[in-house]
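Novice: Residue numbers (the working numbering), protein chains in the order written: chain D, 1 to 124; chain R, 1 to 159; chain G, 1 to 125.
The hints are simulated quantities; they were obtained by calculation from the structure and are not laboratory data.
Keep in mind it's a predicted model, so treat the numbers as computed, not measured.
Positions of the beta carbon are idealized from the N, C-alpha and C atoms, including for glycine.
Wrong hints could be hidden among the right ones.
What the hints assert, rightly or not - With a Cα cut of at most 25 Å, we get these calculated DMTMM-like pairs of lysine to aspartate or glutamate:
1. D:Lys93 <-> D:Asp8
2. D:Lys14 <-> G:Glu111
3. D:Lys116 <-> G:Glu110
4. D:Lys116 <-> G:Glu26
Claimed, not checked - Just so you have them, the derived chain R footprint on chain G, three or more residues with Cβ under 8 Å:
5. 6-17
6. 99-113
Claimed, not checked - Just some of the chain G residues that point at chain D, by a computed CB distance under 7 Å:
7. Met22
8. Leu23
9. Gly24
10. Tyr25
11. Gly121
12. Met122
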Amino acid sequence: MRVLIVDDSSVMRKIVSRGLRQAGFKIDDILEAGDGQEALGVLAADSNFQLILSDWNMPVMDGLNFVKAVRSGSGPSKSIPIVMVTTEGGESKVQAAIEAGANGHVKKPFTPDTLKATLGQFMK
Amino acid sequence: MGSNQGDGGSLEKVFNAVQVAVVDVLSRMAMTEVVFIQRERMPSFRIDQEAGGVVRLTGNLEGMIGIACPMRLVQDVVSRIVGLPPDQLNDEDLLDGIAELANMIGGWTKSNAGLTDVRVSTPMAIVGKSLLAEWKTDRITERFVFQVEDSVLYVLVSL
Amino acid sequence: MKLLTIDDSRTIRRVISGIGAMLGYEVLEAENGEAGLKVLEQFSQEVGLVLLDWNMPGMIGLDVLKAIKADSRWRHIPVMMVTTEGEKDYIVKSIQAGACHYQTKPFTQEEMATRIMEAMGMGGV
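Chain D with its partners taken away, still in its complex shape (with noise of 0.2 Å):
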């Protein structure tokens, strides 16, 4: 399978591939974008992904908007699960990202063993 990772820290795009690898999902291959509007370009051009992670705050889009952006496009990639990854405290915008189509939540810090938990029914 194929992950797009959404994050504007290139140090927590590292780290959330290698969670997911060692989560022990098979994956194939993990592409990577700095904020939203970079996700919406790779997506224009390839939407062969069965998961999308996405930060919260990013600079020019941020992942709310992304999500948002995302759902109400035309593409195939229209329907690509997004799980968006918070921190504590972001209850209430979970909500707002659920309300506008994103698919779950990853809360930081997360274990290989949580990401195992709230991701295991998008990696089939």
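Go by the hints and put chains R and G onto chain D.
Specialist: For chains R and G alone, kept in the frame of chain D given last:
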């Protein structure tokens, strides 16, 4: 302080290690590109920029390693290290920042040069306009000049 | 889960706090060993990792490490030494005294983030 044992070659190893340490510390902690410009012999160990940080080496090898640069460079580098905009940094932050840079450059030099039984002191830092600090010493003082962003960073080594 | 950084340099404490926050941890700060042990008294149940400087005025890192490991209330908390001293000698002394991780300064954000994640149960690549 006693005089340093060993030939010029072993001191040269330390001078080289300092250069590597400066580049490593700034590139790793602050993601800043550092370009070595030149090296020159100085009559004394003198901090004559707006900001300076010094550590002393004691033990098998004795001497001092110091950095000196304009305030603007300290602001820029500390801002990159801690991830805060320069205007949110106060004098305390800059003082601590330059001290920590001197500390890391000293410690990294010790590791790079494989200096055993040498202690790197806790750092001393000075910040202020038109300051001048000088240690008169009969040791060799070499000054390494680096270009960092659009500022100049001086690194002094007295061994 | 919280992290505790004990370092006399506020620059380093801020760097560690920033990296910890990015990973989703609340980071407690102490500027010397004595203050660090006081923080542990208050938060021993919540601190999941102590990041400890080696070279500090007052109580040096090794003494703080020994004090942590000597107290049954918090000896279970893993300790990472954060230091410019990269020699074997220091590493061996730290491990003998009970440190389980070691990170030399200078470090990149990625190195420190990876080391914290490893210490918190996420293995290396």
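Novice: Each hint needs a verdict: does it hold in this structure or not?
Specialist: Taking the hints in turn, this is what the structure says about them:
1. Using a Cα cut-off of 25 Å, the hinted pair Lys93 (chain D) and Asp8 (chain D) holds, with the two alpha carbons roughly 18 Å apart.
2. Distance hint between Lys14 (chain D) and Glu111 (chain G) is fulfilled; the C-alpha atoms sit about 11 Å from each other, no more than 25 Å.
3. At most 25 Å may separate the alpha-carbon atoms for a hinted pair to count; Lys116 (chain D) and Glu110 (chain G) meet this at roughly 23 Å.
4. The suggested pairing of Lys116 (chain D) with Glu26 (chain G) holds, with an alpha-carbon distance near 23 Å, which does not exceed 25 Å.
5. Counting residues of the segment 6-17 of chain G whose CB falls under 8 Å from any CB of chain R gives 7; the rule of at least 3 is met.
6. Taking a C-beta to C-beta cut-off of 8 Å, the segment 99-113 of chain G contributes 6 residues in contact with chain R, enough for the three needed, and the coverage statement holds.
7. Here the hint on Met22 (chain G) is kept, as its CB sits about 6 Å from the closest CB of chain D, short of 7 Å.
8. A cut of 7 Å between beta carbons decides the hint on Leu23 (chain G): the least distance to chain D is about 5 Å, and the hint holds.
9. Residue-level restraint check for Gly24 (chain G) holds (minimum Cβ-Cβ distance to chain D is 2 Å; threshold 7 Å).
10. The beta carbon of Tyr25 (chain G) comes within 5 Å of a beta carbon in chain D, closer than 7 Å, and the hint placing it at the interface holds.
11. Hint status for Gly121 (chain G) relative to chain D: holds, with the closest Cβ pair at about 5 Å, below 7 Å.
12. Nearest Cβ of chain D to the Cβ of Met122 (chain G): about 6 Å, under the 7 Å cut. The hint holds.
The earlier numbered hints are all upheld by this structure, with none contradicted.
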